[in-house]
Amino acid sequence: MNKKFSVVAVLGVLALVGAGCSSTSTTSGDTSATTNTVTKPAVVSNSGAAQDKLDGKWKVTSATGDMASLNEGTPYTFVGKSKLTTGSGILANSGDITAITDTTFSVMFAGMSNASNYNYHFDGAKLVIEPQGSNQVLTLEKQ
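Those letters in the sequence shown? Residues -19 to -1, 1 to 124, by mature numbering (1 follows the signal peptide of the UniProt record, and there is no 0).
Be aware that one or more of the hints could be misleading.
Claimed, not checked - Mimicking DSSO-like on lysine-lysine, the simulated pairs with C-alpha atoms at most 27 Å apart in a straight line are:
1. 107 to 64
2. 123 to 107
3. 107 to 62
In short, the hints are calculated from the structure, not lab data. Small disclaimer: the values here were computed from a predicted structure and weren't measured.
My request is simple: use the sequences and hints to build the entire structure.
Structure, rendered in structure tokens:
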């Protein structure tokens, strides 16, 4: 239990620092022109196995449970059924997906001795991830 909490705490701190870094900006030169980019949520196909729909870039749009606000905005990138990266830049945490089904996956993050286990499901086009052994629920949208 303490190891799982430690992993969740580390990921939460990484998400907090990443969120702080992503909101900093510098301005130089002419600031009179403003560009607004509007992106549509990506379409997630409802056909095929759930594990096949994980592939791609996702972003936490809402979170509940411990350290919920630290997780909001955190990017998750699934590379097929083999790798997962959370966070970005120097705060990215990558790992190998060691087991995956249509409802669960396990990730061995770099530098960790135990895999992190997650339950997941899709709610329409949204991905809902629940780290096992915690009260967190992360809702992600495909980017």
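Hints versus structure:
As the CA atoms of residue 107 and residue 64 are separated by approximately 20 Å, the hinted pair is consistent with the 27 Å bound. Among the hinted pairs, residue 123 with residue 107 is consistent with the structure: their alpha-carbon atoms are about 7 Å apart, no more than 27 Å. Under the criterion of a C-alpha separation no larger than 27 Å, the hint pairing residue 107 with residue 62 is consistent with the structure, at around 18 Å.
Comparing the model with each earlier hint shows no violations; every hint is respected.
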